[in-house]
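Line by line, the protein sequences are chains D and U.
According to the numbering used here, the first sequence is numbered sequentially starting from 1.
According to the numbering used here, the second sequence is numbered sequentially starting from 1.
None of these hints come from the bench; they were simulated from the model.
The hints are all genuine.
Stretches of chain U that chain D covers, calculated by requiring three or more beta carbons in the stretch to come under 8 Å of a beta carbon on chain D: (1) 130 to 137; (2) 192 to 198; (3) 332 to 341.
C-beta: ideal position from N, C-alpha, C; glycine also.
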Amino acid sequence: MGVKTIITQLLAQLPEHCVLSHTEDLRPYECDALSAYRALPLAVVIPETAEQIRIALQICSEKNVPVVARGSGTGLSGGALPHSQGILLSLARFNRIIEIDPQNRTARVQPGVTNLAISSAAAAYGLYYAPDPSSQLACSIGGNVAENAGGVHCLKYGLTTHNIQALEVLTIDGEQLTIGSQALDAPGYDLLALLTGSEGLLAITIEITVKLLPCPEVAQVVMASFDSVDAAGTAVTATIASGIIPAGLELLDRPAIKAVDKFINTGYPKDAAAILLCELDGTQADVSAQIERVERVFTEAGATSQQISRDEQERQRFWAGRKAAFPAMGRLSPDYYCMDGTIPRKHLAKVLNHINTLSEEYQLPICNVFHAGDGNLHPLILYDANKPGELQRTEELGGKILELCVEVGGTITGEHGVGMEKINQMCVQFNSAELQQFHDIKQAFDPDKLLNPGKAIPTLHRCAEFGAMHVHHGELPHPELERF
Amino acid sequence: MTIQQDLQQQVQSAAASRSPLVICGGNSKSFYGRATSGDTLSLDGHQGIIDYTPSELVVSVRAGTLLSELQAELAKEAQMLPFEPPHFGETATLGGCIASGISGPRRPYTGAVRDFVLGVNCINGKGEYLRLGGQVMKNVAGYDLSRTLTGSLGTLAVLLDAHLKVLPRPPLETTLLQHCSAATAVELFNRWAGQPLPLSGACYLDGALYVRLSGMTEGVQAAVNTVGGEPLDNATQFWNQLREQQLPFFSGETPLWRLSVPAATPPLALDGAMLLDWGGAQRWLKTDLPADVVRHCVTAAGGHATLFRGGDRDSAVFQPLQPAMLALHQRLKHSLDPVGIFNPGRMYPDL
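Okay, chain D solo, but in the shape it has when bound (with noise of 0.2 Å):
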């Protein structure tokens, strides 16, 4: 199929604004958030109406062009990196509200809507949608949902699987389905499950029903400082064990802490090892009870030293450093490199540690600052991409890192999807029968293997060739895992 030849197909049915193919036009596309990736797409589709999507979705099904779907383009895995052979699909312009339903607390959107203004939209009615990517200004709440995103609230409040209750989706033909319901559950297999976090591979979203919830009364911050990562790791564990689910609980290392503070003044105590930032909310009967709670817990582990937010401005004072970490990493060091594994809490001191170690073998600093109370943790690798081999070497110490957190029973991601970044380390955490299924998974809904070809599941072909990469010494690095 000629360049030529899809770009006056897609012309020829959709008005001439819609489609972009100048390569000018297409730059501001070649990449996501993860920009070492990029690739410059045959052509851009920019759909104004569901119908047009689909007459879009028809032409490439007929002529076996691949579709790439791209939300706000914040991702940090290279899921909407567009396709050298295909079209992208951009769904920037499905940004409207379509209803918000306060008795049922729920709202429908399309998927161009950025996650904040859904909240922001709900407030009149004292409702919030929970999940909060840091990104959360800028992303849209398509791409969360074909990410799964998660944010700092996700230990109370889930990943955006618990808080979505409906889609409508156009698979690759034109079909349009409606997955979930209006109620809190659907006749037949839960294929909202398997859609979210399918990373576009699946089908294509063009309008999601969100669960709201209602804006807790009061939200208070409990910051605490260690003198070790191994007492944080163990505060941690110990307010969750004393039965509370705090609303966030995030950690920052030394280094985090330092270049977060040169960046901004924070007020964090500076000579603190690391330090975790305790949100609690609800009605503020509990939150005062629940603060007691976990200040006790905190002393115990061996804070030494802890602030209570005494107002909302404070509170925001205390998360302005959390917030501010990946722009002061940009100003530490020309480029930093995000990762992000699970890993179970109990595992959380050995794993910092053995990053450190890392860190020292390869020479190149890590910064972590993180989900503690999910155990999602991301370490920042900092580098310079104009050194030559810097860049390779950060990612095979960021593979390292993936492969450590799967080694002790967690994952390679825990939000940020697989996309493009951590196709290898699929290999890693699946075994061929497992990459298989999902291969057969596709199948039963893009046969031809047209939506975001490439991503988020490795071939077998590509698994064999990484493994016999990952051959040191005669030694396999996980002996333990069938290989292929």
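Fit chain U to the supplied structure of chain D, relying on the hints for placement.
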């Protein structure tokens, strides 16, 4: 040979001879779904808790483990299965609980069975052992098949082990009772659910509204004043009987329908006895009305209806799917169970 290998072998030989298997845990929910037949594949011997570290809020359990045994272990650590699953008999197993996907009164406020399934180990229709999902709270590697297996009534795979998220048991629970009309009950349920109240159950039966509040002592006491009503004695027994369908409402031979509708739907005009649960989102209807009359009314309200108990078990027990949706279900089933040996017809005639 391990039990797992033995089960794999049974599946492989059933696949080779294309003989259907009826997957069986404690047989406590055999009344649910459509009638099916085949050789029994029993998970009876596959029992026990594999791993339980209370501070992780995660438990890994073999499918044949008695639900009561698991809950007793969690209770020792002041934790619970947050979806409050019905047992429907002393022999209920965890595998059956997940395969049926039935949640109890707490569901609208804390989540359904599927919300707490972090991962499963299972056997597909080729007899292959698969590990899906994982043992951690946040995990987006691979398709989320473990949640899709939840509630699939054993038609996709044989569930061997499950990793579940658990939660601390609330220190205090209080139930309040007030008398009102069904319409007022629906209104109150949804008004409360829109406020930050520690709700954990809300049902309406015979002119009485029951609301359960759970949480820390301070928060529950504050909420009692907002919600109002008289405290209910024997509240634990009431919610248990509601969950287990042992209230007098559930007795008799009249077919029992489960109506799943948007919570704020006003009382439905259907002949028969009605009980509202899940703050209005799940309604139990005892009626002899024909299926199409029930479904017509429920579909118009944006919901779906299941013939939960009684009636014709060879009929469309679950709400029929649109042709394109049924075709997708069939392709999905085929991808996991290519020969179609797992519980054929239990969910839909052509599945």
